[in-house]
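Residue numbers (our numbering), protein chains in the order written: chain A, 2 to 428; chain B, 2 to 428; chain C, 2 to 428.
Keep in mind that the hints were calculated from the coordinates and are not lab data. Mixed in with the good hints there might be a few duds.
Which copy is meant is left open, so a pair is good if it fits within one copy or across any two.
What the hints assert, rightly or not - No farther apart than 25 angstroms at their CA atoms in a straight line, the calculated lysine to any residue pairs in the SDA-like style are these:
(1) K427 x E164
(2) K427 x P128
(3) K427 x Q206
(4) K380 x T154
(5) K427 x A382
(6) K427 x W130
(7) K380 x Y126
(8) K380 x T53
(9) K427 x Y370
(10) K380 x T111
(11) K380 x R349
(12) K380 x G368
(13) K380 x E233
(14) K427 x D157
(15) K427 x T51
(16) K427 x R54
(17) K380 x A98
(18) K427 x R366
(19) K427 x D140
(20) K380 x V49
(21) K380 x T310
Keep in mind it's a predicted model, so treat the numbers as computed, not measured.
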Amino acid sequence: MAPVTTAGERMHALVERLYPLCRSITGDGVRATLDIVGEYVPLQVHEVPTGTRVLDWTVPQEWNIRDAYIADTTGRRVVDFAASSLHVLGYSVPVAATMPLSELRGHLHTLPDQPTWVPYRTSYYTPEWGFCLAQETLDAMPDGEYEVRIDSTLADGHLTYAEHVVPGQVAEEVIVSCHVCHPSLANDNLAGVAVAVLLAQELAQRSPYYTYRFIFAPGTIGAITWLARNAERVELVRHGLVLACAGDRGQLTYKQSRRGDAEIDRVLEHVLRTSERPHRVTEFTPYGYDERQYCSPGFDLGVGSLTRTPYAGYPEYHTSADNPDFVSPEAMADTLAVCREAFAVLDRNRQYLNLSPYGEPQLGRRGLYDSLGGRSDAKQAQLAMLWVLNLSDGEHSLLDVAERSGLPFDTVAAAADALHGAGLIKA
Amino acid sequence: MAPVTTAGERMHALVERLYPLCRSITGDGVRATLDIVGEYVPLQVHEVPTGTRVLDWTVPQEWNIRDAYIADTTGRRVVDFAASSLHVLGYSVPVAATMPLSELRGHLHTLPDQPTWVPYRTSYYTPEWGFCLAQETLDAMPDGEYEVRIDSTLADGHLTYAEHVVPGQVAEEVIVSCHVCHPSLANDNLAGVAVAVLLAQELAQRSPYYTYRFIFAPGTIGAITWLARNAERVELVRHGLVLACAGDRGQLTYKQSRRGDAEIDRVLEHVLRTSERPHRVTEFTPYGYDERQYCSPGFDLGVGSLTRTPYAGYPEYHTSADNPDFVSPEAMADTLAVCREAFAVLDRNRQYLNLSPYGEPQLGRRGLYDSLGGRSDAKQAQLAMLWVLNLSDGEHSLLDVAERSGLPFDTVAAAADALHGAGLIKA
Amino acid sequence: MAPVTTAGERMHALVERLYPLCRSITGDGVRATLDIVGEYVPLQVHEVPTGTRVLDWTVPQEWNIRDAYIADTTGRRVVDFAASSLHVLGYSVPVAATMPLSELRGHLHTLPDQPTWVPYRTSYYTPEWGFCLAQETLDAMPDGEYEVRIDSTLADGHLTYAEHVVPGQVAEEVIVSCHVCHPSLANDNLAGVAVAVLLAQELAQRSPYYTYRFIFAPGTIGAITWLARNAERVELVRHGLVLACAGDRGQLTYKQSRRGDAEIDRVLEHVLRTSERPHRVTEFTPYGYDERQYCSPGFDLGVGSLTRTPYAGYPEYHTSADNPDFVSPEAMADTLAVCREAFAVLDRNRQYLNLSPYGEPQLGRRGLYDSLGGRSDAKQAQLAMLWVLNLSDGEHSLLDVAERSGLPFDTVAAAADALHGAGLIKA
């Protein structure tokens, strides 16, 4: 096997490794997933007991599954959990019975329009059992008796989630959140997990301004559990990003926070636009991933969501066709690059105050301006300094300057550094 | 005669019945009109004495007219008030004289560009007499002597207007205002009166949230009189609509209140847009109908105006061609339908407060959410609940939710009802 | 010579007269320029000593020059200051030397892409000497020894600027600012000076509402000096305009003040738009002319900039091709006309308060409204009165009324005069 060399390839390898595990909102599949993620970045794993009240919800019983199948009268397994974790309805109660197909049908889920694909279905909060299978599998099942068996356990236990923190220069935090509750689905959300892992590794290489907190938690109940247990920490969260569907070949989609004009919104839109990537920006909607919770009106955090093709926007969504082939190293590398660029802007974006606001300060005697006058081709670095000076009035950030001036953010930030070094502006 | 069955036909019949009466800003023509309207909906009729100060104005003398004509030397009436109330200049002082055509011409009003139409003209506040006639009638009048006679009375009396109230659950009011001062003109404003009458009948069939007050008053001086005599009631007026030109075959036009973003503006625009009717929305202008008074800067009420072709926007405007044939049952029924739909939205539009604003409340255990997870085709009713929960922060109304989400207002309102029933939101 | 008859011709004659003088940020060239301007409008000339601290800057030594040339070994002057003031680098220190071309080259400035044009270059704050010449002149210079001589003086002296004030009815001021530091360049900025001069003459013919202050000062350091010495007066500045590049044949460009919505911005945009001149409006940028100083964040004055082709926007910019032929009498007359129209609007723009805000006041009994009712062609004067009454709520100016109504500003202002005369509104 060739050595894994690129970031895209490393992320794809992680997706392939995590893919077979049967994750759910609780259980050993989540733990196994976090064990593997923990090989890449150190994790603090939290176990929250069944019955714990978390906001309006209660941590449910823990679900574990060992085996499940439908066998015909010959004992042949026509549907087998061992082949794909999708085959069993998530959170199925145990069953061991023999019944005619006519009775079994009420427990079978298929996609008639996509007869070769297996759907992903769950029943977390209503006791139920069931199987998911390809329509063509069902069509091939003759009437008659079938043995059905789900060797699962629903019992008091724990909900498991994990955090990884990259310490920053300040206590204010940026959260990056991924759901880890989906079983064998690659884009949704192993690709998001993989991008988050490499992003965390990269951030640790530099000393970021903000403290970056990566949250790997089951969807909905996991985010709600984190929010319930971190009431004080939430006060420190300044920005955040939910990563999901990070690996398909579609164009990037940034979904705004509920606020619509949070700094994270402006940063992502700036980076996507100025990088000239094809992309879409969509308004907040109260469905999708865990931005639903972070952006509930009581929290209303500045948390957006970055995906490629968004939630439910592709036929393979929540089916067996969302497999490792559906995600590409290049797409994940591109998603990672946008996160990297966006956090680089976010980390350097500040409001400065011009300490010499009456007229322009004389840049020339400070070595910041060309001595030769009259030329029409002023240098971008000089224009950037004039812009920073003019807009550093306590109401504009460097991102505002970049957007207003049309200059690259890096040029503007460098100009601010030069002016700050000369004592002309203060943070 | 076939039985009158549809709302449109009933309205058209009312227009035809009211058409011959000679209305003005005062006088028995207004009283006769209100008598007929009173057969449909009970009216409280007000008589305000001549000389009463109303805001910056004074109620003028009452004008009544019995006969008027121009007769040639043979005694033949070449212009006859009995044929059309338009023939006499509104508020003409009495005259009985014989004069040559050359002298008479100064008192004659025609439309040279529409030689077969009789114009509508008035001189309410400057003593004057005159006749309105078709240009072709004038052209056929030979030089010579004519007998002119206007048997009118200008004397102390009263200004007459009427109100009809549909009581609501709250004291806050919606006013619907129509001018009743125009003589034999069908679209302007008998069609508006007819739509208002049927709207009042319909509202009485349900128990509306707001109290709806219908005002039938002469234009300008009538609205000013109502405003002058209802200083305290004006404080209760939350919304309002001036109805005029409600029956021509043109598309609907909503003219915004002076505020431009009053709730009535947003409701009418929402209903017109989502119903996919061809329509126009125009900004407020300080001319047109009695929105001029309701939207004067001292009152600045949230009162818009609904017409089909607007004020002065059609050739037949203020001429004898604005006759019952010019208005159609279908157009009046359509105007009525928009009013009905708009008031249904207005009546249900509320701001709610999410009582569980931290994270999403668990809708599933309250029976408000599907137990089967994983499907991509979330139901509109569920999406609507998520939207209502997310935006019920004390700053958004259900109309805001409908507009932001793109969901039908009815779906949003039903979701709010369900959430309210579950104790998750409060009004 | 034919008599100078039009404003455009008078301005062009002034440009031609000022053109040969060698202006800089200090020195006798500025004084000679102001002497000539003073023949047209009385000036108050200020002399500010070298070393004076002005905001973040210090008034530099005064520069004067008598002669400068490069001569070949035969004594022939191949580059001669007497031929054009552009030939010497502005603020060149004195030099008298003989050197080979190879050494001289480091002091020569050309425009390789425009080989027949001489560039304009300066080195105000770094001691340097140099010559500007056409590339073709340089190409024709054989290697060998050259005599170089700059007979200049850099010594303690003064910075010179001037003001001309047209007294108004109120102490609040409008400033009109032109830079007078550029040597033989016609569009930049002798055309601006010429337009300012005629504008000042015209304003003196009427009694303007605002006090108009014309500032003729060297660029950057001159404006900074004026601001430093007029801290209290700045408090009185309500509006302002920087005039530059006022004579080229390109379309007009209005550059907004930093605020972007200052009254001067709205006035200029209104006049340019309603006059249907081809024009551009651009957002504020912190480079260009002395709007940089007036709009620095500490002052943030409502000062825009009017040019034809803007700063650095034409190939002839800062070259010998910006000569009197480059500017036209017609273009300068057009710039003057826009200033005249804009200041006429600015001077009459007020907020009024409707003293009869409840309902419409009865205009008819005050002789302000037609007595004949029913016509659809209401007169603009009457519509304007209704608009002024409706919007005179303490939040809208006459310009707001003109823009909202679409009526000409003059009609609106006349309506306000009539209503004011009738005691219906107050300023």
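The hints, checked one at a time:
| no. | hint | in the structure |
| --- | --- | --- |
| 1 | K427 x E164 | neither (35 angstroms within a copy, 36 angstroms between copies) |
| 2 | K427 x P128 | neither (60 angstroms within a copy, 31 angstroms between copies) |
| 3 | K427 x Q206 | neither (27 angstroms within a copy, 50 angstroms between copies) |
| 4 | K380 x T154 | neither (69 angstroms within a copy, 31 angstroms between copies) |
| 5 | K427 x A382 | within (19 angstroms within a copy, 52 angstroms between copies) |
| 6 | K427 x W130 | neither (63 angstroms within a copy, 37 angstroms between copies) |
| 7 | K380 x Y126 | between (63 angstroms within a copy, 18 angstroms between copies) |
| 8 | K380 x T53 | neither (61 angstroms within a copy, 30 angstroms between copies) |
| 9 | K427 x Y370 | within (20 angstroms within a copy, 53 angstroms between copies) |
| 10 | K380 x T111 | between (63 angstroms within a copy, 19 angstroms between copies) |
| 11 | K380 x R349 | within (22 angstroms within a copy, 43 angstroms between copies) |
| 12 | K380 x G368 | within (14 angstroms within a copy, 65 angstroms between copies) |
| 13 | K380 x E233 | neither (47 angstroms within a copy, 35 angstroms between copies) |
| 14 | K427 x D157 | neither (56 angstroms within a copy, 35 angstroms between copies) |
| 15 | K427 x T51 | neither (51 angstroms within a copy, 31 angstroms between copies) |
| 16 | K427 x R54 | between (46 angstroms within a copy, 23 angstroms between copies) |
| 17 | K380 x A98 | neither (79 angstroms within a copy, 33 angstroms between copies) |
| 18 | K427 x R366 | within (19 angstroms within a copy, 54 angstroms between copies) |
| 19 | K427 x D140 | neither (72 angstroms within a copy, 50 angstroms between copies) |
| 20 | K380 x V49 | neither (58 angstroms within a copy, 32 angstroms between copies) |
| 21 | K380 x T310 | between (40 angstroms within a copy, 21 angstroms between copies) |
Comparing the model with each numbered hint stated earlier shows that hints 1, 2, 3, 4, 6, 8, 13, 14, 15, 17, 19, 20 do not hold.
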